[in-house]
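First residue of the sequence shown? That's 4 in the numbering used here, and the numbers climb one at a time after it.
Think of the hints as simulated: they come from the structure by calculation, not from any bench. Yeah, the Cβ is synthetic: ideal placement off N, Cα and C, and Gly gets one too. Do not take every clue at face value.
Stated by the list, open to error - Computed beta-carbon distance windows for the label pairs: (1) 124 with 69: 27 to 35 angstroms; (2) 125 with 59: 55 to 63 angstroms; (3) 123 with 53: 49 to 57 angstroms.
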Amino acid sequence: HMFFALSGFLITTIILQEKQSTSTFNFLNFYKRRFLRLFPALLLLAMSVGLYAILFTVGEERSSIWQEIFGAIFYCYNVMWAWGFGNESNLLAHSWSLAVEEQFYLVWPFMLVLGFSIWSNRSIIVVFFLLLIISMTAKELHLVGGLYSAIFHESIFFGCISALIRFHLPKFDIPIWISLILLLIICGIGIIPISSTQFN
């Protein structure tokens, strides 16, 4: 998804800019900003859906909605979907993308800061790109299951790598035809894992 790619690009840029200006990265402030940006509106939506469940649903449908609310609030909807929970309703189905985002927030800053402590600026781009290719290959060869596909979306990390290239290789000139191919790849990898696995 382009949404994921843009998110990866934005978050990586934020991390790199803070690290450049302060020579460090404040994890606490980062997670505080991310929490305040998403959670209040999500909580209000979940409360509204919970009220609807109490007033207008019964049985399996109500149970499924409560499972959805749990998955949305704790940002694990994508994992629950992969495991088959909450399938009787889809009122909060869109929150799977928020779960992917939040799980990305938990992992990526640590990966990035650790990477910079081990490799040079150019090397870290190569390392993360190779890891991305390995992940895509593993999916195509069906070496990983639906749970992995539900959690890991390569389009996010294409955005991350784009930010790394822009930040550390500002004079790196990419021909327009290569840019178009990369754009098609980003669009494609956002669609293929979902259509092929359906989180099952």
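How the hints compare with the structure:
1. 124 with 69: 27 to 35 angstroms: Roughly 47 angstroms apart at Cβ, these two residues miss the hinted range, so it is violated.
2. 125 with 59: 55 to 63 angstroms: With a Cβ separation near 57 angstroms, residue 125 and residue 59 satisfy 55 to 63 angstroms, so the hint holds.
3. 123 with 53: 49 to 57 angstroms: 50 angstroms, holds
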